Amino acid sequence: MTDQPEVAVVRGPDRSPAAEDGLSALLAAYHLRTEAEKGAAVAGVEELPERYRAEISDPGTAFADDVVLLAVLGDRAVGCLVVTAPVDGTCEVKRLWTDPAVRGRGIASGLLGAALARAAECGASGVRLSVWSWRTGAIALYRRHGFTVTESWDERDQLVCMQRPV
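The opening residue of the sequence shown carries number 0 in numbering that gives the first Met the number 0; numbering runs sequentially from there.
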């Protein structure tokens, strides 16, 4: 295993089944942890809301119009992030997750940097995201990458909305 993760774009006809399997596992961990943190812990993927199960079972379809970034250490997927296609000049970052066993190695920063580069390549003028208020480590990461808190576009309680120019 190497210390520096490789960040790969996982999208389109060249998507490998192994990459998709790794992405599904990361998305499952993300959604299960998020539900637990919201106080709605579930025993397994089958108990998650349908829209989350759809992402996990078929990320290729769920994110067909988006760019999915996958961080790989050796032959194992250890992190993911979704960059949406621009809407009104703005891309959205979603589903940033790294395997807790490899946190602290710059994987999330690498994924976020690649997402910002991707947004610039597709002509976006800005990037936005939302994050739960209790995810203070993620909020600090986003601030280090130039994101600032902005007026919420989402009605959910405890959701912090952030943005930055590209």
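These aren't lab readings, by the way, just hints derived from the structure by calculation.
As the structure is a prediction and not an experimental result, all values here were calculated from the model.
Take these hints with a grain of salt, some might be off.
DMTMM-like, lysine to aspartate or glutamate: derived pairs with alpha carbons at most 20 Å apart [said to hold, decoys possible]:
| no. | residue 1 | residue 2 |
| --- | --- | --- |
| 1 | Lys93 | Asp57 |
| 2 | Lys37 | Glu120 |
| 3 | Lys37 | Asp153 |
| 4 | Lys93 | Glu150 |
Label-pair restraints from in silico Cβ distances [unchecked claim]:
| no. | residue 1 | residue 2 | range |
| --- | --- | --- | --- |
| 5 | Glu120 | Asp156 | 18 to 24 Å |
| 6 | Gly122 | Glu45 | 21 to 27 Å |
| 7 | Gly145 | Glu34 | 28 to 34 Å |
For each residue, glycine too, the CB sits at the ideal point set by N, CA and C.
(message) Tell me if the beta carbons of Glu120 and Asp156 are separated by a distance inside 18 to 24 Å.
(response) violated, 35 Å
(request) Compare the distance between the alpha carbons of Lys93 and Asp57 with 20 Å, and conclude whether the hinted pair is satisfied. (result) The given pair, whose Cα atoms are some 16 Å apart, holds under the 20 Å limit.
(request) For Gly145 and Glu34, compare the CB-CB distance with the range 28 to 34 Å and indicate the outcome. (result) Check passed, 30 Å falls within 28 to 34 Å.
(request) Would you mind confirming whether the straight-line C-alpha gap from Lys37 to Asp153 stays at or under 20 Å? (result) Holds, at roughly 16 Å.
(message) For a C-alpha distance cap of 20 Å, please report whether Lys37 and Glu120 respect it.
(response) Answer violated: Lys37 to Glu120 is near 35 Å, above 20 Å.
(request) Indicate whether the distance between the beta carbons of Gly122 and Glu45 respects the range 21 to 27 Å. (result) At 40 Å between Cβs, range violated.
(message) Does Glu150 sit within 20 Å of Lys93, going by the straight-line distance between their CA atoms?
(response) Holds. Lys93 to Glu150 sits at ~18 Å (cutoff 20 Å).
In the structure shown, a violation is registered for the earlier hints numbered 2, 5 and 6, in ascending order.
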